[in-house]
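4 protein chains.
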Amino acid sequence: MTPIEPCYDVAHLGHVELLTNKPEQSLDFFVNLLGLTESGRAGDSVYLRAFDDYEFHTLKLTASHTTGLAHVGYRCASPQALQRRVAAIEKLGTGIGWTEGDLGHGSAYRFRDPDNHIFEIYYDTKRYEPPANERPALKNQAQRTHGRGAGVRRLDHFNLLAQDVSAIRDFLPNALGSRVTEQIVLDNGALAGCWFTVNNKSYDVAYTRDSTAARGRFHHVTYAVDQREHILQAADMFLENGVHIETGPHKHAVQQTFFLYVYEPAGNRVEVANAGARLILAPDWQPVTWTETERKKGQAWGLKTIESFHTHGTPPADHG
Amino acid sequence: MTPIEPCYDVAHLGHVELLTNKPEQSLDFFVNLLGLTESGRAGDSVYLRAFDDYEFHTLKLTASHTTGLAHVGYRCASPQALQRRVAAIEKLGTGIGWTEGDLGHGSAYRFRDPDNHIFEIYYDTKRYEPPANERPALKNQAQRTHGRGAGVRRLDHFNLLAQDVSAIRDFLPNALGSRVTEQIVLDNGALAGCWFTVNNKSYDVAYTRDSTAARGRFHHVTYAVDQREHILQAADMFLENGVHIETGPHKHAVQQTFFLYVYEPAGNRVEVANAGARLILAPDWQPVTWTETERKKGQAWGLKTIESFHTHGTPPADHG
Amino acid sequence: MTPIEPCYDVAHLGHVELLTNKPEQSLDFFVNLLGLTESGRAGDSVYLRAFDDYEFHTLKLTASHTTGLAHVGYRCASPQALQRRVAAIEKLGTGIGWTEGDLGHGSAYRFRDPDNHIFEIYYDTKRYEPPANERPALKNQAQRTHGRGAGVRRLDHFNLLAQDVSAIRDFLPNALGSRVTEQIVLDNGALAGCWFTVNNKSYDVAYTRDSTAARGRFHHVTYAVDQREHILQAADMFLENGVHIETGPHKHAVQQTFFLYVYEPAGNRVEVANAGARLILAPDWQPVTWTETERKKGQAWGLKTIESFHTHGTPPADHG
Amino acid sequence: MTPIEPCYDVAHLGHVELLTNKPEQSLDFFVNLLGLTESGRAGDSVYLRAFDDYEFHTLKLTASHTTGLAHVGYRCASPQALQRRVAAIEKLGTGIGWTEGDLGHGSAYRFRDPDNHIFEIYYDTKRYEPPANERPALKNQAQRTHGRGAGVRRLDHFNLLAQDVSAIRDFLPNALGSRVTEQIVLDNGALAGCWFTVNNKSYDVAYTRDSTAARGRFHHVTYAVDQREHILQAADMFLENGVHIETGPHKHAVQQTFFLYVYEPAGNRVEVANAGARLILAPDWQPVTWTETERKKGQAWGLKTIESFHTHGTPPADHG
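In the order they appear, the protein sequences are chains A, B, C and D. Numbering follows this note's numbering, with no gaps: position 126 of the first sequence is 126. Numbering follows this note's numbering, with no gaps: position 287 of the second sequence is 287. Numbering follows this note's numbering, with no gaps: position 234 of the third sequence is 234. Numbering follows this note's numbering, with no gaps: position 54 of the fourth sequence is 54.
A portion of the hints provided could be inaccurate.
Identical copies look the same in the list; a pair holds intra-copy or inter-copy alike.
Said to hold, decoys possible - Taking lysine to aspartate or glutamate and the DMTMM-like style, the derived pairs with C-alpha atoms no more than 20 Å apart in a straight line are:
1) Lys-296 - Glu-134
2) Lys-304 - Glu-134
3) Lys-139 - Asp-187
4) Lys-297 - Glu-90
5) Lys-304 - Glu-292
6) Lys-22 - Glu-38
7) Lys-126 - Glu-5
8) Lys-304 - Glu-17
9) Lys-296 - Asp-170
10) Lys-91 - Asp-170
11) Lys-297 - Glu-307
12) Lys-22 - Asp-44
13) Lys-126 - Asp-115
14) Lys-22 - Asp-115
15) Lys-126 - Glu-100
16) Lys-139 - Asp-28
17) Lys-304 - Asp-170
18) Lys-304 - Asp-115
19) Lys-296 - Asp-28
20) Lys-304 - Asp-284
21) Lys-297 - Asp-44
22) Lys-139 - Asp-236
23) Lys-304 - Glu-246
24) Lys-304 - Glu-294
It is worth saying that the hints were derived from the structure and are not from the lab. These figures come from a predicted structure and were not determined experimentally.
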C-alpha cells in the first residue's frame, strides 16, 4: 500500500503575539535582556525580532489588561500551499476567516485550535531589510548583532497549555500538516504532552495539559541561541539583572534541548534553548513515546521538574 | 503570476560511499578518531554510522586501489516523490538505472551529475535498530554514545569538485529539487562555488571548482557535532593522535559554519562542523552571492584560505 | 602596625587516598568514566592521575572493607618550608609523625585535623615521566590525553565533613598556612561551611558540617576540566553509562564553580568542576561571608541544594 | 644541598599603563568592545577595570603623542616583601625610585628592565568598592557584569618586545622573583621568547625578541575570559564592530592558551585569552624549552604564526 505523502505546506513558525499588562517593563526585558530588536510599532503593539530572523518580526508584544497569547502565525511554503491549508481547516470547521495582514506580513487566515488558541497562516511576508546601521558584517545574516542580553539568534518554538492534548494531536496534523515527534502518555492512557513539527526542527510547538480548568493559556515562547554555553551566560546575565529564573539551565529528556526558563516582568514564561545539531530528517519519523515512569526520572541529568512548570501559565488561572 | 512551489521530494542526504586504498587505517580513523560505529560489512565495504543517524549507515567505506567518492545517496520523502524524481532525472538524460539496493536501504535509482559523480536516490531504508548494548539512555536518540574520538552526532554534508560549477547549479535543482543557498561569483562571472540544500539545513552539498582538469573528484565529507567547543576538543584530539589538520578550527564566512578539516589516512578530507542554530526556514530563500573581493577577505575572522584547500581532492589529480 | 606576612609554605594539594569496598568497579569508574590513568599498583592500592597532574599520582584508590578518606597529602614549597610546617603542627599537638613515603613521593609528615581526618605533608615527589606511548603532542603537558570519559585535566580540591567547622577554621591556617576565602555563617553564629586555599586557586579544601554524629567523614573529591561545556558532556556521558548523578550541572553561588556531582560505585562522591578564569590573586583577600538567608536562595541560578548533599558522606554514618 | 626556596614576594601583576594617540577611540574600544569599566579619571588618564579585578584599576589609558607601554605595576605580597624586592632591585642597579602612588594604589618603587621598560612594585592598594548600581548579584565577585563587548573577567598578562631576551631572563627572577615557565631557544642558542610567572598562573609576562632595533616596545596586553567559547563570541563581536583581528581564535602551542589578537584603534595589540584549568602548581617547575624546529610547526593546531606578530609593536619602530 502506498503511504500518504508527508505534507510540507507549512514552512515554519512565523511569529507569536504576546499580551503584557506591564508593557514598558516587558519591552525592556525583550530588548535589553533577551536581546531582540524593535522593528516597528503600531497601536498598542511593538514588533520585535532576533538578529537572524529573516522576517520583519517574530514577536509582537501588545499592551493589554492581561497576559498570555494573542495569536500565533505560521508561514506557508507557497500561495498554493496556503490555499490547501485553508481548505483543510475549513473542513475541520474551526476557521475564523481572513485578516488583512499586519505590519510584518500580508493577508492571513485565522482559525482556532481545540483549546481556543488563535492561529493564523499566511504566505506573503515582509522580509527584514536592515538599514545601514543594522547591516551585518557577514551578508548571510539577516541583521547585525548587538551583544545585548542573551543575544538570541532566532525564534524557535512555543508551548501552549490545553485541557485535552489528544484533541490537539488529532487537530494539528490535519490543520497544519504537523508531524508528532515526541509525546508523553500517562499510565491511564491520557496524553500529557505532545511535540509537533512542520519541518526539520524537532518541534515548533508543544502542548502540555493544563492542570487548571482554564482554556487558551500560554506556557512559553522560546528563542534559540547557538551554543549551550550561551545559555549558561544567559543565566549569569539574568541573575545579574534580577530576572526570575524558574528552572535550568539543564537538558530536557524530551527532545534533548538544553534549556533555561525565566519569567518576563508581566509573567509570561520565556525560554532560551539550544538543540545542538539534532534535527528530524526522517520523512517517516515515528513518534517517541515517553511513559509516566520514564518521565518521573526528571530531566535528562536528573533534575526534577519544578512544580510551577506544571501550574504557571498566562494569563493566571482563577483557580490553580 | 503564481510562483512555482518549492520541491520537497528529496528529504535529506542519506550516505556517502568513500574509497580508500588504506582500508584498515581509514577504518581505524573513522571509528576511533571520528567516532563512528560499524553497523555491518559486505564484500570490500564497511558500513559506518554516527550515533544519532537514524538509518543503518551514513558512510560506506570501500577498499579500493584509489580514493575519492564512489557514490552518494539521498533519501526521498515518499515512494511517490522518488518516482517523480526518477522521472525528472530521466528527462535530464543522466540516469544510470535502478540498483537492487544495499545493506542499508532498498532499491535505488542511480544517475550522474554533470561532472560524472554518481548519485542515487531511494526511499526504502533500513532503520538502525540498536542491539541491547547499543541502546541509548534517552530513547529519542538512535544509538548510545561511546565517547570515542570526535563523537560526531550525524552526517551533515559533503563537498565535490567540478569543472563547471554552473552546470551543477543548473542540474541539481532539476534533479533533486535542491535550492541554492549561497554561491561565489567571480569578477569574470564564473561560478566558483555553490551551496545547495533540499531541506532546512543551510546546505547538504557544496561544489567548488576543480583547479585541475580532473573530473568526478571529491573534496570532503562532513559530520556535525553539537557545539563549537566539541570542535576545539576534536582539534586537540586529532593533534594528540597525529592526524593531519589542514585548517581550522575557524568560522566560514560562507554559511557561517564553524569548521575543522583533517585528512583521513588515505587522504580523503573529512570535516567536523557546527552550524549553531542557523537554519534555512524561508521557503523562498534568496541565494546569497559572494563576490571575488569579499572572498579575498578570507574566512569569517580573517583566516586566509589555505592553498591545499583549493588543490587537494581525492583521488589526486595527475597534474595539479 | 606591620601585617603578618602570608604563608606560602604549602604549595598545593597533592593527592587524596580513597577507600573503596568495590575496588574493581571503583577502578573502572575512575579510569574509564572519570578518565584517569593508572600509574602504579602496590598492595591493595592503585595509583591514578589526571593527564596534566605533574606528580606520579593524585588519587590513591585502596581496597577496604569501607569507604571514605584514608588520607590527604599536600606538597610543600621547599624542604625548609616542610620543616617549618612540621614545627608548627607539632606545636598544635596533632602530629602523628613521619612516614617513609609512598610510590609517588618521599617521606611525609602525618597529622590529624580536629575532626580526625588524616593529612600528610611532603616535599620530595616523583614527577610523572611518560613512557613513549603516553607522551603528549605538546611538551608542556604532563601526559597525552586519551579521550576517555570526562577526560579531567587535574586534581582540583576535596571536601570533608566535620562536627565543628570553626575548629577547622582555627586549625588549618596554623597547620598549613591556608587562607579562608569564603564561609557560611548561620544566624546562630555557627560556621556551616568554610573554604580554604594555600595558593591562587580559590579553594583546595572545603569543610561542611556533618549533620550526623560521625567524625572523619569524606564529602567529595573534585577534578577540574577546562570548560563548562566539558561538564555538560560529562553529564551526558555519566547518564549514558548509568552513573548516579546527584546534582548539577549548575553553578555554585559560593566560589562560582560550575559543578557536577556523581557517586562512584562504592558511594564516594566525585565532582567534576570548572572555575573559569577565577583566581584569588589578592595576598590579603578578605573572606566572603554568606548568611543563612543568602544560602537559602540555593545555587547561583536558583537550584535548591539537594537533601542528600547535606546527609550523604562516606563512610555512611550509623544514624543519618 | 638544600635548594633555594622559591620567592613569593610579588603576588601578582597589578596594572598596565598604555599610551594612545587616539584617546577617545581607544577608550571606546576598551569600554564598549573589550568590556572594561571606567573607575576614575585624572589628568590625561582614564582608569579602567575588568568586572572581577579586585583593585581599583588594571588598565590606565593615557592620552599621548605616541602609543605603547608607559609602565607596568606588580603588587607585592606584603610591606615586608615589597622592601625585600626594593633592596634586591637596588642591588641590580636599575632602580628609579619611589613615586607617591596613583589613583589606584599607594607609593610604588619604579625600576627599569634591561630593555628600558618601566616597572613599579607596590603593596598599598585601593580595593574597588562598587557603588550601589555596580554591586554584583553574587557577593564573591568584585563588580557586576554588564554584558558589554568581550566581557572580560580580569587582567591576565602582558607581553613586551626586547632586544635581548636572555638579559630579561637573568633580570626578572632576581628583580621580581619570577620563575621561567616556558622558553624558545633558537638553533644558534639565542632566546627568542621567554614566559615568566610570580604565582600559579602559567605566565604573567612574556618577552619576545624585537625584530627591529627599537627598545622598550610593547607587544600586547591580555584579559582573561572564562571559556574558550567566549573568545569565539568575541571574534564575532569584533568582526561585527569592524575591529582589526590580527590572528586567532586558535590555541597557542606555548602555554596552550586559547587566544584572539586584535588592535585597538591606536594600534596597541590586545589579546583575549583562556587558559582552561591549566595552572603551574609545582613549586619547582622546570622550564619547558621549545626548539626552533618545534616552533616552525606553528600554533597548536597548525596555524602559522602571522608575520605581523613578529613585527608589529607599539610604538611603531622607525625601521621595521
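How the hints compare with the structure:
Taking CA atoms no more than 20 Å apart as the test, Lys-296 paired with Glu-134 passes in neither setting, with 47 Å inside one copy and 23 Å between copies. With identical chains, the CA atoms of Lys-304 and Glu-134 are never at most 20 Å apart, being 42 Å at best within one copy and 26 Å at best between copies. Proximity of Lys-139 and Asp-187 under a CA criterion of 20 Å is satisfied inter-copy only: 18 Å between copies versus 51 Å inside one chain copy. For a Cα distance limit of 20 Å, the shortest separation of Lys-297 from Glu-90 qualifies neither inside one copy, at 42 Å, nor across copies, at 52 Å.
For the identical chains of this complex, Lys-304 and Glu-292 are intra-copy neighbours only, at 14 Å inside a copy versus 24 Å across copies, given an alpha-carbon limit of 20 Å. With identical chains, the CA atoms of Lys-22 and Glu-38 are at most 20 Å apart within one copy only, with a shortest distance of 17 Å there and 33 Å across copies. Taking CA atoms no more than 20 Å apart as the test, Lys-126 paired with Glu-5 passes between copies only; the shortest distance there is 19 Å, against 30 Å inside one copy. In the homo-oligomer, the alpha carbons of Lys-304 and Glu-17 never lie at most 20 Å apart, since the shortest distance is 30 Å inside one protomer and 33 Å across protomers.
With identical chains, the CA atoms of Lys-296 and Asp-170 are never at most 20 Å apart, being 26 Å at best within one copy and 45 Å at best between copies. For the identical chains of this complex, Lys-91 and Asp-170 are intra-copy neighbours only, at 14 Å inside a copy versus 40 Å across copies, given an alpha-carbon limit of 20 Å. Within a single copy, Lys-297 and Glu-307 get their C-alpha atoms as close as 14 Å, and across copies as close as 17 Å, so both meet the 20 Å cut-off. In this assembly of identical chains, the alpha carbons of Lys-22 and Asp-44 lie at most 20 Å apart only when taken from the same copy (12 Å versus 45 Å across copies).
Proximity of Lys-126 and Asp-115 under a CA criterion of 20 Å is satisfied in neither setting, with 30 Å inside one chain copy and 39 Å between copies. Taking identical chains as interchangeable, the C-alpha atoms of Lys-22 and Asp-115 are never at most 20 Å apart, the minima being 26 Å within one chain and 55 Å between chains. Taking the closest pair of Cα atoms, Lys-126 and Glu-100 come within 20 Å of each other only inside a single copy of the chain (14 Å); across copies the shortest separation is 48 Å, beyond that limit. For a Cα distance limit of 20 Å, the shortest separation of Lys-139 from Asp-28 qualifies neither inside one copy, at 28 Å, nor across copies, at 26 Å.
Taking the shortest Cα distances, Lys-304 and Asp-170 never come within 20 Å of each other, neither inside one copy (30 Å) nor across copies (39 Å). Neither within a single protomer nor between protomers do Lys-304 and Asp-115 lie at most 20 Å apart by alpha-carbon distance, with minima of 28 Å and 34 Å respectively. Taking the shortest alpha-carbon separations for Lys-296 and Asp-28, neither the intra-copy value of 37 Å nor the inter-copy value of 29 Å comes in at or below 20 Å. For the identical chains of this complex, Lys-304 and Asp-284 are neighbours neither inside a copy (32 Å) nor across copies (41 Å), given an alpha-carbon limit of 20 Å.
Within a single copy, Lys-297 and Asp-44 get their C-alpha atoms no closer than 44 Å, and across copies no closer than 37 Å, so neither meets the 20 Å cut-off. In this assembly of identical chains, the alpha carbons of Lys-139 and Asp-236 lie at most 20 Å apart only when taken from different copies (13 Å versus 31 Å within one copy). Both within a single protomer and between protomers do Lys-304 and Glu-246 lie at most 20 Å apart by alpha-carbon distance, with minima of 12 Å and 11 Å respectively. For a Cα distance limit of 20 Å, the shortest separation of Lys-304 from Glu-294 inside one copy, 12 Å, qualifies, whereas the shortest one across copies, 23 Å, does not.
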